[in-house]
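**Student:** Sequence:
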Amino acid sequence: MKILNIEHIGIAVGSGDKSRDFWEKILSLTMEHEERVAGQGVDTLIYPVGPSKIELLAATGPDSPVAKYLAKHGPGIHHVCLEVEDIKQAIKELKQSGIQPVFPTPQPGVEQTLVTFIHPRDTGGVLVELAQKGGTGSHGQE
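In our numbering, each number is its position in the sequence shown, counted from 1, plus 19.
Since the hints were derived computationally from the structure, they do not count as laboratory data. Watch out, some of these pointers could steer you wrong.
As the list claims (entries may be wrong) - Simulated DEER-style distance windows between Cβ atoms:
{"hint": "1", "residue 1": "K44", "residue 2": "K107", "range": "39 to 47 Å"}
{"hint": "2", "residue 1": "I22", "residue 2": "I65", "range": "18 to 26 Å"}
{"hint": "3", "residue 1": "E112", "residue 2": "K44", "range": "39 to 47 Å"}
{"hint": "4", "residue 1": "G33", "residue 2": "Q119", "range": "26 to 34 Å"}
Claimed, not checked - Each computed DSS-like pair below joins lysine-lysine, with the alpha-carbon atoms no more than 27 Å apart:
{"hint": "5", "residue 1": "K91", "residue 2": "K111"}
{"hint": "6", "residue 1": "K91", "residue 2": "K72"}
{"hint": "7", "residue 1": "K114", "residue 2": "K152"}
{"hint": "8", "residue 1": "K107", "residue 2": "K72"}
{"hint": "9", "residue 1": "K111", "residue 2": "K152"}
{"hint": "10", "residue 1": "K87", "residue 2": "K37"}
{"hint": "11", "residue 1": "K21", "residue 2": "K87"}
{"hint": "12", "residue 1": "K107", "residue 2": "K152"}
{"hint": "13", "residue 1": "K21", "residue 2": "K72"}
{"hint": "14", "residue 1": "K72", "residue 2": "K37"}
{"hint": "15", "residue 1": "K21", "residue 2": "K91"}
{"hint": "16", "residue 1": "K91", "residue 2": "K37"}
The model shown is predicted, which means the values in this text are computed figures rather than measured ones. Every residue gets a Cβ at the ideal spot worked out from N, C-alpha and C, and that includes glycine.
Between the sequences and the hints, there should be enough to build the whole structure, so can you do that?
**Tutor:** Spelled out as structure tokens, the structure:
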């Protein structure tokens, strides 16, 4: 699979407003994009930092993956997202290597991406998201 760059670092937050104050007022970052990804039960705030981004993740309900993460671990780094050239090819290569992605078919992500995740048990302890830009995304069309 071809990795293009580190797309973003996802940070699970308990209180979006309090976290937002830190990133915007203390670090002087500008929020570029805000989006709800209903299928993943998450609200996101995107802050560009050089060629990459910080993505704040707030759960939209108690059953969302981010809510479960927060209940178990508290606020903090949730995942690292790598941009891939071809998400379907990446999933195929993972499966050929004996790794079962969290989503066996690409799912809509933030900013019109298609995504899957790789479980931390397969990566040495880090949840890794793979994302292809220009895909369906949570608002776009494939």
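**Student:** Identify every previously stated hint that the structure contradicts and give their numbers, smallest first.
**Tutor:** As far as the earlier hints go, 5, 11, 15 are violated by this structure, in ascending order.
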